[in-house]
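**Student:** Chain by chain, the residues:
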Amino acid sequence: MNALDLILFVIAAVLLWSRHMRLSILLLAIEGVLLSLMVSISGQLELSSAFVALATLTIKAGLIPAVLSKMMSAFPIEVRKDHPLPLWAYAAGLVVTLGAGHIIQLLGPSHLVQNKFAFFCALSSVYLGMVMIVARHHLLSQIAALVSIENGLVLLGVSLAGSLPVIVELGILVDLAIAVSLLVWMGRRIHLAFQTADVAVLQRLKG
Amino acid sequence: MSYYWSLLGPLALSVAVTRTHNNADGRWHKWIAIWVTVDAIAVMAIIQHGLFLGEWRAIFIAITNFVALTSAWDSIPWLKEHGSVNPTRYYFLWALFWGSLLAISLSQNLALSWLAMEFSTLASAALIVEMGDRHSLEAAWKYVVIASVGLIMALIGIVFIYASLRFQGLLWTTLDYSNLQNHYQSIAPVVRELATVFIVSGFGTKAGLVPFHTWLPDAHSEAPSPVSGLLSGILLGLSLFTIARFVGAVPVAAGDALSGSHLLIFFGTVSIVIGSLALLVQHDVKRLLAYSSIEQVGIMALALGMGTPAALTAGLLQFVFHATIKSSLFYGAGHLSVRYDTKRIDGITDLASGSQARSVFWALGILALAGLPPLGLAYSEWLIISQLWIQHSYIVAFLTSGSLTLTFAALTHHLIQNLWGPASPSPRTHPTSQQRAVGGVV
Amino acid sequence: MTFGLITAVFLAALAGMMNRKLSNTSTLISSLGILILGGLVLLRGGSATVAHGIFYLSTLGGWFLIVLGVVATMSSWYRWGYPDHSRTTSIWLPIFLLSMMTVIVAGNSWVFLTAWETMTISSFFLVTTHHEKPGVLQSGYIYLVMSQLSAMFILAGFMAIGSQLHSFDFAIWAAHASTMPDSYKNLVFLLLGLGFGIKSGIVPFHIWLPRAHPVAPAPISALMSGAMIKLGIFGIMQFLLIDLGQSDRFWPLVVLAVGAVSALLGVLYALMEHDLKRLLAYHSIENIGIILLGVGVMGVGIDWQQPALTFLGLAASLFHTLNHAIFKSQLFLAAGAVEKHTGTLDADHLGGLIRTMPGIAIGFLAGSMAITALPPFNGFVSEWLTFRGLLTVASHSVFLMGIYGLGLAMALGLTGALAGVCFIKAFGTIFLGEPRKAVGHTTIPASMTWPVLSLGLLSLVLGIFPQPLLNLLGHVGLQTQAGHTDLGNLLVSVKTLTVAALLLAGTAIFAVFSRVWQIKTVPRWSCGRVPDASMQFTSASFTKAIRTTFAFIYRPHRKLERLGQHAPDFADRLLYQGGTVPVWERHVYKPMYRWIWRVSHLSTRMQAGPIRLYLAYLLGTVGLMIAIIH
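Residue numbers (my numbering), protein chains in the order written: chain V, 1 to 207; chain U, 1001 to 1442; chain F, 2001 to 2630.
FYI, nobody ran anything at the bench for these hints, they're computed from the structure.
Among the hints, erroneous ones may be present.
What the hints assert, rightly or not - Okay, the calculated beta carbon distance ranges per label pair:
#1 U:D1133 with F:H2130: 40 to 46 Å
#2 F:P2556 with U:Y1340: 45 to 51 Å
#3 F:I2628 with U:G1169: 31 to 37 Å
#4 U:G1083 with F:I2596: 38 to 44 Å
#5 V:L54 with F:I2628: 38 to 44 Å
#6 U:L1053 with F:I2628: 35 to 41 Å
#7 F:L2503 with U:F1398: 52 to 58 Å
A quick note: this is a predicted structure, and the numbers were derived from the prediction, not measured.
Cβ coordinates follow ideal geometry from the N, Cα and C atoms, glycine included.
Make the full structure from the sequences, and use the hints.
**Tutor:** Rendered as structure tokens:
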């Protein structure tokens, strides 16, 4: 169990660091598989949790990587790679990981956190995703970061509460699927309109 | 429970719309508007009891339906003006957006509110993309990404709350506001504070509180005008009231600095100041309205943050007035920008010499927004300021009053430009010098 | 009864809005209604709430209703001949009238503020009636913003009282506001004083007044100058002096200082004006200053708990309020007639109008004498009372305070003298001499002349027989607990009737000795040259001595340019440019205006464009908040 958490945390870190879209998509797919595994072994084996695990597998390991790679293949080769990660992002990553420790300390007296290590891994992956969404330039990286944050959140739910209510879990999944599809659709149109996949060009509206 | 019936209208509409044919001449647009109107009236029958009792949910549903029906009627001329927009997709997404707004209105559960809010983001963002130009793409992208990150923040808070109350074994209904209210004391104080921070900033992103507002001027100004009306009039207020319901249900321990009301008052004040300051230098008429929404939401946030019964009533009044006024102004701005072929404020000039109805409508709307009595908003603003005085929040009261003056100055500055044309009303000093030519030779 | 009357006034005014043909009649009827209402309230005495606290009628309000009624009636009458039948006026004028009335009779702060703001917006639309003329929109905008500033200060002040007394009803304020703690009274005094002061046009918040009043049509200028700015005085007296009662002794002194400064600077700025309506507008600032001197005396009386002094100040300021309303509307209406007659208001173009419009000339002369406080006109009586008040303050106090009082009295004296110069200049250049430019001479209808003359007659009558009105003021005095303190004594040292008789006798003797019936007109001698109009004094040359004396206030500048081929020695033409520096605009308002724009620009820097920056705001703020929690 803790090993899974650790792996997911490492994946989130690698995701932040990776420049190659193909690698990122692959990592997201792996995350999806691991998450569905985690959901299925965390609670008691019930019909509902099995259903959630299946849905997670379909959406996070199937649908989302598929649409992302379809989007990527629409881009020419030279825009399939993001800028190198700026230096401050490493520092920020370190700070937010420490920040997760701060929250564990805060929550210490409340006995909310049973498994400190799992909680730490989950919260740090959420945080790393947030660093990623700020640090990364590429349209795809931003989508990937959103998905990664969402994954971290599921991890957080598992580590804190075992499982979230089924309706909430499914709602989040459906929502994520729609959001990613919408973003991918918009990303392709942005690429067509602006001839680039760098979010830094989205600067016409200001003031 | 019966309030959930009101979701039937939007759902039926979204299904029905997919059955229409695009190539039709647009006569069916009218039937959609009629359907929305009939539905709004029918729903009134369901909620009338709640309305008389002053239930928040009933009021929200009523005002949402009201603005939705005006938006539906405004969509007819708007679609005529924008031939490039695909009406079927437009109405489908519009119906989903309407439905998600109703879902937020009638939600009694924190998680349901969250879901509905997320779906409202997606539906409205898709509507913005429907405009199809670079600006709208940029606005929609920013909107979805920022709002999603914000809502994920809120979700972290919700997970904390749920984890603390999981021992109840109530699953989904754990997050009912009533359950939260009854059992909030089982949640550790620090968890409450942390969750409050996450939820206020998360839902605050959707409500457009500064500094989470950055997507708002872009999205509201680039959206189709009938949708801007709903976004600005309804969605912002509903998001804010969702925060208020959470804050009301799960108060933090006394003495904690970051209580919900403190946060609301703080961010509200910042929003009022920033929103009103930005009004003066705006060039785009819909952006102007969007910034004024930030300011108005800030005022609402003050009211909800104070939380006394009188303040809550004033906040509700502010919401209702703002919804009606701002949505009509957005519709008007859409038509004006088509008529004058520009969205620039200094391009829309000399209204007064044109149609009288148009200039009167625009002047009334802007003056109402500027807080001029007896046009609605003035009274809710005064009530809120009076509550600030009663609670001895002098600094906030001072900042609010100053910003309201600035808002008035900025909005009337633009209004004069609109009404009477190019003469710039910037105050130059009057020359008192006397000039004369003395002829002849000395 | 009173409620019925108020309703009738409302209905009459609304009828005029609906139908443009009825506009004149209905405005006149509602104006008369206001006059009657004021008389009723004043005669009945005491105060009462009407219609469940929506309206609150006090004797002070009654007095101001009369002030409003007089001006409104005359302006409505004047409108019959005034060729301005735009839709704007017929819609907004009734609203303007109603809102002014409602301000006076309002029963709680919500009604008051609604009426106050309606008054602002309706007068704004009236001011911008001729928005096509250059500068009108700008003037209107400055007026609107300053008015909103005043409204916000008033709102804040009302909130301060309301939150302390837990009520927004004026009847309750009248009963309990005096029990508020002193620190709170100071706050209220500051806020309401600023709010009402801005609307009355006190220096340094006066900049809107000489802009907004002149550009409006004449009946509107008369209403604004004659009645609207007085409502600020009403507010100060009602809420600050009567309701608050005794407060910090510092405040009446501030009121006195503000009054003296406004009076002096108002008249000094007026002297440099050659646009007749702007000149009159600056005199409104001066007269508001004089009224405030009276108000200050009243405040001192309240603080010293001397009913006699209180009543003296009250009588002086209220009487001057009425008087100023009468002669200022008279002068503005006359100026409107001049404008319609010639098409211009520039004193440097006009001249000799006494020959083409004698009625207006006589009216203007009467108004000028009244405003410069010459007996036997009413301005003399009220300024006399103000003097007495100031001198009483001076004589009842020790060293510094005594000097202060004397200084104020001297400032008032100087103001009167300068006002005299100013009106000699105005009347002389416009109505006497020869026209300086060729201007048109449209004949004006009698219905424009008669209101001006009747107002002149009214000020004459009030100047000779002020006693009945002073008795009426006793009713107002009762409300302030000043009581009927020896009303007869008020005028003891000046017998207005005797003065008038002496003046008449003196004039008659002078006429007899100078043999006016033997006057002959002969050609003028001008060193052998043919006299022409450009040889006359202009308004600038007339006031040159004053301009150089008060150079530290005016900062005058001038430039003489020689034009032509051999310019330095034998110039073909000389170009003279001269003027004064608008100090407040240049050093206060313009920098402030620029600063606000700069801040506004700065605030939008936040919205710089990049989405990553926006996300950083969001995440950074949340991170910061989490870091605070412990």
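**Student:** Run every hint past the structure and note whether it holds.
**Tutor:** Checked hints:
1. U:D1133 with F:H2130: 40 to 46 Å: 42 Å, holds
2. F:P2556 with U:Y1340: 45 to 51 Å: 47 Å, holds
3. F:I2628 with U:G1169: 31 to 37 Å: Because 34 Å falls inside the window, the suggested range holds.
4. U:G1083 with F:I2596: 38 to 44 Å: 42 Å, holds
5. V:L54 with F:I2628: 38 to 44 Å: The hinted range 38 to 44 Å holds for L54 of chain V and I2628 of chain F, with Cβ atoms some 42 Å apart.
6. U:L1053 with F:I2628: 35 to 41 Å: 40 Å, holds
7. F:L2503 with U:F1398: 52 to 58 Å: 55 Å, holds
Every hint from the earlier list agrees with this structure, and none is contradicted.
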